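K.L.:
When you get a sec, could you build the whole thing from the sequences and use the hints?
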Amino acid sequence: MSGEPLLSVRDLVVEFSTERGVVRAVDRVSFDVHPNETVGLVGESGCGKTVTGLSILGLIPSPPGRIAAGSIRFQGRELVGLPESEFRRIRGQDIAMIFQEPMTALNPVFTVGNQMIDVLRRYRGLTRRQARGAAIELLAKVGIPAPEARIDEYPHQLSGGMRQRVVIAMALSCDPKLIVADEPTTALDVTTQAQVLEQMVILQREFHMAMILVTHDLGVVAETCHRAIVMYCGRIAEKAEIGPLFEHPRHPYTVGLLESIPRVGEHEKEDLAVIPGMVPDLLHLPPGCRFADRCRRRQPRCDEALPELDGREDDRSRVACYFPAEPPT
Amino acid sequence: MTVLLEVRNLQKHFPVRGGLLRRIVAHVRAVDGVSFTLESGRTLGLVGESGCGKSTLGRAILQLQRPTGGEVVLEGTELTTLGPRRLLEMRREMQIIFQDPFASLSPRRTVAQTIREPLDVHGIGSASERDGKVEELLQVVGMRPQVMDRYPHEFSGGQRQRIGIARALALNPKLIVADEPVSALDVSVRAQVLNLIAKLQREHGIAFLFISHDLSVVEHVSDHVGVMYLGKLVEMAPAKEIYRDPRHPYTQALLSAVPVPDPKRKSKRIVLTGDVPSPMHPPPGCPFHKRCPKVMEVCSKVAAPVVDVGTAARPHRVACHLYA
Chain U
1 MSGEPLLSVR DLVVEFSTER GVVRAVDRVS FDVHPNETVG LVGESGCGKT
51 VTGLSILGLI PSPPGRIAAG SIRFQGRELV GLPESEFRRI RGQDIAMIFQ
101 EPMTALNPVF TVGNQMIDVL RRYRGLTRRQ ARGAAIELLA KVGIPAPEAR
151 IDEYPHQLSG GMRQRVVIAM ALSCDPKLIV ADEPTTALDV TTQAQVLEQM
201 VILQREFHMA MILVTHDLGV VAETCHRAIV MYCGRIAEKA EIGPLFEHPR
251 HPYTVGLLES IPRVGEHEKE DLAVIPGMVP DLLHLPPGCR FADRCRRRQP
301 RCDEALPELD GREDDRSRVA CYFPAEPPT
Chain L
1001 MTVLLEVRNL QKHFPVRGGL LRRIVAHVRA VDGVSFTLES GRTLGLVGES
1051 GCGKSTLGRA ILQLQRPTGG EVVLEGTELT TLGPRRLLEM RREMQIIFQD
1101 PFASLSPRRT VAQTIREPLD VHGIGSASER DGKVEELLQV VGMRPQVMDR
1151 YPHEFSGGQR QRIGIARALA LNPKLIVADE PVSALDVSVR AQVLNLIAKL
1201 QREHGIAFLF ISHDLSVVEH VSDHVGVMYL GKLVEMAPAK EIYRDPRHPY
1251 TQALLSAVPV PDPKRKSKRI VLTGDVPSPM HPPPGCPFHK RCPKVMEVCS
1301 KVAAPVVDVG TAARPHRVAC HLYA
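Here the protein sequences line up with chains U and L, keeping their order. Positions 1 to 329 (my numbering) are the ones given, in order, by the first sequence. Positions 1001 to 1324 (my numbering) are the ones given, in order, by the second sequence.
Hints are computed from structural coordinates only; laboratory data are not their basis. None of the values given here were measured: they were computed from a predicted structure. Beta carbons: idealized from backbone N, C-alpha and C, even for Gly. Errors might be hidden in some of the hints.
[Unchecked claim] Rough simulated footprint, nothing fancy, chain L against chain U, three-plus residues with beta-carbon under 8 Å:
| hint | region |
| --- | --- |
| 1 | 218-228 |
| 2 | 239-246 |
| 3 | 253-265 |
[To be verified] Some chain L residues close to chain U (C-beta under 10 Å, calculated; not the full set):
| hint | residue |
| --- | --- |
| 4 | E1049 |
| 5 | P1118 |
| 6 | P1152 |
| 7 | H1153 |
| 8 | S1156 |
| 9 | L1194 |
| 10 | H1213 |
| 11 | P1263 |
| 12 | K1264 |
| 13 | R1265 |
| 14 | I1270 |
| 15 | V1271 |
| 16 | L1272 |
[What the hints assert, rightly or not] Here are the simulated DSSO-like cross-link-like pairs (lysine-lysine), alpha carbons at most 27 Å apart as the crow flies:
| hint | chain 1 | residue 1 | chain 2 | residue 2 |
| --- | --- | --- | --- | --- |
| 17 | L | K1174 | L | K1133 |
| 18 | U | K141 | L | K1174 |
| 19 | L | K1301 | L | K1290 |
| 20 | L | K1268 | L | K1301 |
| 21 | L | K1264 | L | K1290 |
| 22 | L | K1268 | U | K141 |
P.N.:
Structure below.
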C-alpha cells in the first residue's frame, strides 16, 4: 500500500486495573489502515482485538482502563489524549462503530426512523423531512425491503439481521471515512451473515470507506478483508495481506489456527490438528514469546525475550517469531 | 449395526397464551413431525439456524420437555408414555452436554460433586467406589484428578466443557445429546474438545446426537447429518453425501453461506432473501417456499413429500417437490 495512511496506530498500550493487578490487554500494537481498505483484526477471546478497536474511538472505559502509551493518528491528527468533547465530533462523523449485538446499539423505545433522523439532523443539519427521506434511502441501501414501512417500526419488531442492517445504516449516515465493526455478524445465522457481509462489502466500495473488521472467524476474514492482523495475548503475532496469510501463514499460531478449523467439504472423521494447552494468564505472562508454551517450533531463545515484528510497515507480510515458517521462494 | 434410537413423527408444540383470560391463542410448532433412527455408536449431526427446533428436538427426545405427539423408542422402550420412575431408570442410558459451560455447572459445587451427582442420584456403587469413578472420569476427559476439589470458576471454558462431558459419561450412557457443545469455545480449544468427543465415541461406543449451527463442525463429527428448517427435517443423508451433493435448496444455500478460510476459493454463493417465517404461523405447503430460489407453484399449496434419492444401503431423504 502506498500513500498516506488514514489511520496510524503506533506502539499502543492499553491497561486495565483489576483486583488482581494491572492487566496489559494491548501491548505495543502498531498498524496502518489506508483509505478504502478492509483490515481484519483476528484472534481468540482476550487477545486484545476488541480493546484495540475501542481505543480508536476513545471508548475504553476509564477507569478501569487507560491508554498507557502509544499514539493513534487519524488523518494526521493525534487521538490519544483528545478531550471527550472533541472525540464526540469525530465519532459518528469520521469514525463509526458497529457492535456485535445490534440490540445494544439501538434504543428500544424509539422507532428506527426516530433514531436515524436524530443523527442525520444533528450531524448533517437536515430538516426533519429531509432527514426522513435520507433515512429511507439509507435503509434501502443496506438492503431493507419496504424501507418506507420499516422506518416506523421499533427495533423489537425487526429480526436480528434486519437490526444489524439498521445499525449499519446508522453508522453510514454521516458518511464516515472509517468504520470499526466488532464481530458484526457473529450473532447472526450463517445465511443472514452471508447477506450482511455481502452488503457490507458493496457499501464499503460505494461509500469509499476504510473498515476495521474485528472478528474471531478466519473464514469471514478470508472473504471480506484485504489485509489481516492476527493477535495473541495482546500482541500482534502476524500481519499480512490476505493471499500470503492464508497460503503461507508464517507464525506457528496462525498455522495452528488454520489447521484446527474443520472445513466444509473435507469430510474426514479423524482428529483435528490441535494447538495444545491454553492461552496464558495475562497477569502472569512469560518473559519470552507468549505462544512459546504451546508452540511446536519452540527453541531456548523463544523463552528469553519477546520477538518483535520483522521487516517494515509496508511489507506484504510481517511476523513476530524467531523461527517462523518460511514461505517457499 | 443395531438401532439404538428411533424417533417417529415427533412433535413438540408450545401453547401461546394471550388476551385477558390467558387463553391458548396459537401454537409454536417447534418440532413438527420429525422421524429418524440412530444406530448405536454412531453420530447424527443436526444442523439448522436459530429457532429451527433443533435444541427442542434434543430435549424432547430426552423427555426433558415432554413431546406433544409422536414416539421416541430407545432400545425398544417407548419413552413418551413412561412414568417418572421408569423414566429415571432410562435416564441412565441417555445424557446431555449443554452449550454454555458457564451456565451448566453449579458454581457452588466442586468438580467432584458435580461429576458424582448422577452416581448419587442413581445410587451406583459405594461412596469410595464413586470417588474412584470420579477420578477415572477426569482422566478420561483429560484432566488431572487433583482438580477434584476446585470450583467451576477456576477453570477456562474448554476445561468446564470437559467437566460437563465427564458428568455426562458418569453413568456409561448409550446415547448423549450434545447441544452446541463447542459453540462457546475458541477455535484452538474447540478442536481439543471435538477430538475428545470423537475419542470417547470410538472407545466407549456411545451414540451422539450432535446439535449445532456450525456446518463444518457437524461434518467433522457426524456419520449422518439431518438439516432442520422450521421444525421439520428437510434433508437427511450420510455426512459425506450431504456435503458433496446437497439436494434440498435450503441445504444448498446453507452450505454455500459458510465463510471459507481460503481467499482463493470464491465459491458461488446462494444468498437467500427474506427471513425465516414465524413457527407460530408457518406458511402453507413447504415451509421454505417463501425463500426458495427454485420455488414452483405446487410448493405453496402442498406439503413437500419425503423422497429417498439415495440407495437402499445409503438412504438420502429429501423433503422437496423437486424430486417428487
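K.L.:
Are the hints correct? Go through all of them and say.
P.N.:
Tested hints:
Under the rule that three or more residues need a Cβ within less than 8 Å of chain L, the assignment of the region 218-228 of chain U holds, with 6 such residues. Requiring three or more residues with a Cβ within less than 8 Å of a Cβ of chain L, the coverage given for the region 239-246 of chain U holds, as 3 such residues are present. Evaluation of the coverage hint for the region 253-265 of chain U: fulfilled, as 9 residues show C-beta separations to chain L shorter than 8 Å, against a requirement of three. At about 4 Å, the closest approach between the beta carbon of L:E1049 and any beta carbon in chain U falls short of 10 Å, and the interface hint on this residue holds.
A hinted interface residue such as L:P1118 counts as satisfied when its beta carbon comes closer than 10 Å to some beta carbon of chain U; here the least separation is about 27 Å, so the hint is violated. A hinted interface residue such as L:P1152 counts as satisfied when its beta carbon comes closer than 10 Å to some beta carbon of chain U; here the least separation is about 16 Å, so the hint is violated. The beta carbon of L:H1153 comes no nearer than 13 Å to any beta carbon in chain U, farther than 10 Å, and the hint placing it at the interface is violated. For L:S1156, the suggested interface contact is upheld, since its CB lies about 6 Å from the closest CB of chain U, less than 10 Å.
The closest approach between the C-beta of L:L1194 and any C-beta of chain U is roughly 6 Å, which is under the 10 Å cut-off, so the hint is satisfied. At about 7 Å, the closest approach between the beta carbon of L:H1213 and any beta carbon in chain U falls short of 10 Å, and the interface hint on this residue holds. This hint holds: L:P1263 has a C-beta 5 Å from the nearest C-beta of chain U, less than the 10 Å allowed. Against a cut-off of 10 Å between C-beta atoms, the interface hint on L:K1264 holds, since the closest Cβ of chain U lies about 8 Å away.
With 10 Å as the threshold, the beta carbon of L:R1265 comes within range of chain U, its nearest partner Cβ sitting at about 8 Å, so the hint holds. Proximity of L:I1270 to chain U holds as hinted, the smallest CB-CB distance being about 9 Å (cut-off 10 Å). For L:V1271, the suggested interface contact is upheld, since its CB lies about 6 Å from the closest CB of chain U, less than 10 Å. Restraint check, L:L1272 versus chain U: the minimum CB separation of about 5 Å is within 10 Å; hint holds.
Between L:K1174 and L:K1133 the alpha-carbon distance is near 18 Å, which keeps this suggested pair within the 27 Å criterion. Taking the CA atoms of U:K141 and L:K1174, the gap is near 53 Å; set against the 27 Å cutoff, the hint is violated. For the proposed pair L:K1301 and L:K1290, the alpha carbon gap of about 12 Å is at most 27 Å, so the pair holds. Between the alpha carbons of L:K1268 and L:K1301 the distance comes to roughly 30 Å, so the proposed pair goes past 27 Å and is violated.
Distance check on the hinted pair: L:K1264 and L:K1290 sit about 33 Å apart at the alpha-carbon level, beyond 27 Å; violated. This hinted pair checks out: L:K1268 and U:K141 have alpha carbons roughly 23 Å apart, not beyond 27 Å.
Of the numbered hints listed earlier, those contradicted by the structure are 5, 6, 7, 18, 20, 21.
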